[in-house]
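Chemist: With the hints as extra help, turn the sequences into a complete structure.
Listed here are the chains, written in short residue letters.
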Amino acid sequence: MGLVLNIAIDGLAYGMILFMIAVGLSVTMGLMRVVNLAHGGFALIGGALAHWLGDLGVGFWAALPLAILGTIAIALPLERLLYRRIYDLGELQQVLATIGLTFLMIASVNWWQGSALLTIPMPELLRQPVDLGFRTLPAHRIAVIGLGFAVILGLWGLLDRTRFGVRLRAAVDNRAIASAHGIDTDRIYMITFGLGAALAALGGIMGAELLPIEAYYPLRYMVLFLIVVAVGGMGSILGSFLAAIGLGMVETAARYIVPELATVGFFVLVIALLALRPQGLLGRVQP
Amino acid sequence: MKLALTAALGVTLWVAGLGAAVADTIKVGVIAPFSGPFALYGTQYQQAIEAYRAQHGSSAGAHEIEFIYKDSGGVNPDLARSLAQELLIRDRVDYLAGFTFTPNALAVAPLISQSETPTVIFNAATSSINRDSEFFLRTSFTLWQVSAPLADWAYDQGIRTVITTVADYGPGIDAETGFKQTFEARGGTIVDSVRMPLATTDFTPFLQSVREADPDAVFVFVPGGPTTFAYTKTYNENGLREAGIEFLGTAETEESNLQSLGDAAIGLNTAYHYSAAHDSELNRDFLAAVAALDNPAPVNWASVGAYDGVHLIYHMVAAAGSDGPAAVAAAKGLEWESPRGPLVMDPDARTVVQNVYHRVVERNPETGLLQNTETGVIATVGDLGWDR
Chain A
203 MGLVLNIAID
213 GLAYGMILFM
223 IAVGLSVTMG
233 LMRVVNLAHG
243 GFALIGGALA
253 HWLGDLGVGF
263 WAALPLAILG
273 TIAIALPLER
283 LLYRRIYDLG
293 ELQQVLATIG
303 LTFLMIASVN
313 WWQGSALLTI
323 PMPELLRQPV
333 DLGFRTLPAH
343 RIAVIGLGFA
353 VILGLWGLLD
363 RTRFGVRLRA
373 AVDNRAIASA
383 HGIDTDRIYM
393 ITFGLGAALA
403 ALGGIMGAEL
413 LPIEAYYPLR
423 YMVLFLIVVA
433 VGGMGSILGS
443 FLAAIGLGMV
453 ETAARYIVPE
463 LATVGFFVLV
473 IALLALRPQG
483 LLGRVQP
Chain B
433 MKLALTAALG
443 VTLWVAGLGA
453 AVADTIKVGV
463 IAPFSGPFAL
473 YGTQYQQAIE
483 AYRAQHGSSA
493 GAHEIEFIYK
503 DSGGVNPDLA
513 RSLAQELLIR
523 DRVDYLAGFT
533 FTPNALAVAP
543 LISQSETPTV
553 IFNAATSSIN
563 RDSEFFLRTS
573 FTLWQVSAPL
583 ADWAYDQGIR
593 TVITTVADYG
603 PGIDAETGFK
613 QTFEARGGTI
623 VDSVRMPLAT
633 TDFTPFLQSV
643 READPDAVFV
653 FVPGGPTTFA
663 YTKTYNENGL
673 REAGIEFLGT
683 AETEESNLQS
693 LGDAAIGLNT
703 AYHYSAAHDS
713 ELNRDFLAAV
723 AALDNPAPVN
733 WASVGAYDGV
743 HLIYHMVAAA
753 GSDGPAAVAA
763 AKGLEWESPR
773 GPLVMDPDAR
783 TVVQNVYHRV
793 VERNPETGLL
803 QNTETGVIAT
813 VGDLGWDR
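As given, the protein sequences belong to chains A and B, one line each in that order.
If you count the first sequence from 1, position 72 lands on 274 in my numbering, and the numbers rise without skipping.
If you count the second sequence from 1, position 260 lands on 692 in my numbering, and the numbers rise without skipping.
These are calculated hints, taken from the structure and not from any lab test.
Treat each hint with caution, since some may be false.
Take a look, some chain A residues computed to stay more than 10 Å from chain B by CB distance [stated by the list, open to error]:
| no. | residue |
| --- | --- |
| 1 | Gly-302 |
| 2 | Ala-378 |
| 3 | Ala-382 |
| 4 | Leu-484 |
Quick look at which bits of chain B chain A covers, simulated, 3 or more residues with Cβ under 8 Å [said to hold, decoys possible]:
| no. | stretch |
| --- | --- |
| 5 | 459-473 |
| 6 | 632-640 |
| 7 | 659-671 |
Non-contacting residues of chain B with respect to chain A, defined by C-beta distances greater than 10 Å in every case (computed) [claimed, not checked]:
| no. | residue |
| --- | --- |
| 8 | Tyr-501 |
| 9 | Pro-542 |
| 10 | Asp-778 |
All C-beta atoms in this analysis are idealised placements derived from N, C-alpha and C, irrespective of residue type, glycine included.
Modeler: As structure tokens, this is what we get:
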């Protein structure tokens with residue numbers, strides 16, 4: 203019984219961290235259909251800014267929004283100058299452009315902050331262990347679980363319940379016709395890209411207790427981001443959410459029961475799932 | 433008379449010319465990561481070499497010593513081999529040095545045996561490397577050398593039950609076996625041996641299981657950087673420390689990432705051969721020489737491994753010049769004082785015999801920075817894994 207509870211709690215906490223670091227990619231790659239391998243780069247920029255602000259003595263609660271705003275301030279010009287030119291290109295060109303951008307980001311952070319770990323000091327509130335009765339859990343994991351639910355609800359509300367969401371879905375489905383209906387698709391894309399980068403930064407900072415920020419962060423965890431989005435299904439935020447929680451649970455269970463096979467099991471499951479449902483859990487079959 | 437003078441002048445010139453030929457330049461090729469995620473090693477090696485040159489000059493005996501640096505990136509045996517080839521054939525180096533990763537060192541073994549080139553390993557810590565060539569000399573350490581004394585120390589502290597948690601790859605398994613065999617030979621019990629996949633990001637399940645099994649201590653070996661960060665965080669956050677489960681590690685609290693571990697690291701026990709906080713004149717001079725360079729990198733075991741490696745190369749060059757077999761013979765049994773303490777080059781295993789210290793992480797009262805404070809020498813040993 204204790205084991206099942208442990209797996210459930212730790213699986214949820216780990217799955218939620220996976221969701222938080224991948225949800226930004228689910229927006230840019232899933233919704234906007236641009237193969238954005240630089241996603242981890244935006245998470246890195248957010249994390250590096252938060253670390254830098256922390257070094258300057260800015261508290262965590264102020265550093266978090268400032269770092270996210272800083273990331274948006276870097277992402278928007280990039281969207282205008284680079285991404286806008288590659289939206290209509292093939293996937294290979296997008297891969298090449300965004301992986302190149304990732305290397306630029308890594309080199310810039312390496313030059314600016316060095317290659318050591320860039321820790322983000324957590325406030326006292328998030329550092330203490332919380333007693334769940336049968337065991338303790340670090341408070342920041344509970345915060346990540348809460349934040350994960352808030353993000354999924356917020357995105358669902360934004361995409362399904364607002365005019366912006368309707369316009370975005372229209373622009374993604376058929377840009378020319380949406381444009382002909384008077385929707386400013388350039389602006390919609392820019393805002394959505396900014397949202398993706400902001401979520402990347404948020405995930406990078408909140409996930410940093412588990413996946414610490416350092417210059418090579420984007421490459422180290424790229425496969426993890428891509429798996430969550432691919433298993434969830436392109437374009438489906440809920441799919442990414444379910445994929446992250448499911449994969450988190452499975453990997454955590456494997457770590458408790460057969461530690462040696464945890465990573466192998468994780469990848470076998472991903473391969474099996476994608477073989478059976480190449481479009482992912484909730485993905486639509488591409489027309 | 434005039435003829436005699438001319439002849440004398442000619443002889444003098446000839447002798448002078450001969451003298452210049454004797455003061456030749458010996459080249460040392462350094463193969464190490466200078467780019468990518470492991471670039472810090474290359475920087476540390478280079479700074480240790482520059483610090484040594486600043487202290488001891490650039491010549492040994494009648495020879496000038498010149499270093500040539502080559503970037504091997506990460507774990508890349510093919511590249512390491514072709515860089516070694518290039519250094520040996522095109523640059524005509526007489527010595528090789530560097531080597532952070534075991535596979536890279538193994539890849540050059542056939543080359544150095546053939547060319548009889550003494551090769552000083554600054555880091556790669558798998559015991560078996562030196563068996564592949566008579567020309568390997570190691571100034572770092574082996575995993576057996578530090579994990580076996582740690583098991584002894586733990587038993588002496590009254591620790592009787594231990595769970596080992598190691599990353600599932602060569603060095604991790606070496607560390608596990610080294611600890612386990614020694615601890616069991618003393619009469620301790622290894623309750624469980626967990627091998628964690630190298631790609632592990634969340635250590636909670638492993639450490640939660642350890643907590644529930646409630647042993648006296650947990651032994652760990654994980655690669656440095658993000659993994660160590662996540663492991664020590666999880667160790668603290670899941671209350672293993674409060675539950676009285678001691679942390680037993682080796683390189684986990686090394687200096688380049690120690691500050692980022694923060695207060696969570698205070699009180700962690702490790703056994704290791706070098707701490708930047710080692711209390712000796714030589715160590716303080718070494719730290720000062722590195723600090724005097726541009727952009728000094730943190731000094732840790734990799735820096736001192738390179739520093740002592742250069743010392744060994746200077747000694748070999750002074751004793752044997754470019755004669756490889758004679759140089760290796762001159763290195764065997766060499767004793768010297770290093771910033772980490774006294775060293776002897778073991779003539780059989782060709783890895784240094786050195787002190788292994790027990791350390792505990794503390795804040796330095798003056799600087800406020802975290803450091804590994806040595807509490808004492810727990811063993812003076814060579815490569816304990818050599819005969820296994």
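Chemist: Next step is simple, just say for each hint if it's right about the structure.
Modeler: A quick look at each hint next to the structure:
no.: 1; hint: Gly-302; verdict: holds (16 Å)
no.: 2; hint: Ala-378; verdict: holds (42 Å)
no.: 3; hint: Ala-382; verdict: holds (46 Å)
no.: 4; hint: Leu-484; verdict: holds (25 Å)
no.: 5; hint: 459-473; verdict: holds (count 4)
no.: 6; hint: 632-640; verdict: holds (count 7)
no.: 7; hint: 659-671; verdict: holds (count 6)
no.: 8; hint: Tyr-501; verdict: holds (18 Å)
no.: 9; hint: Pro-542; verdict: holds (32 Å)
no.: 10; hint: Asp-778; verdict: holds (33 Å)
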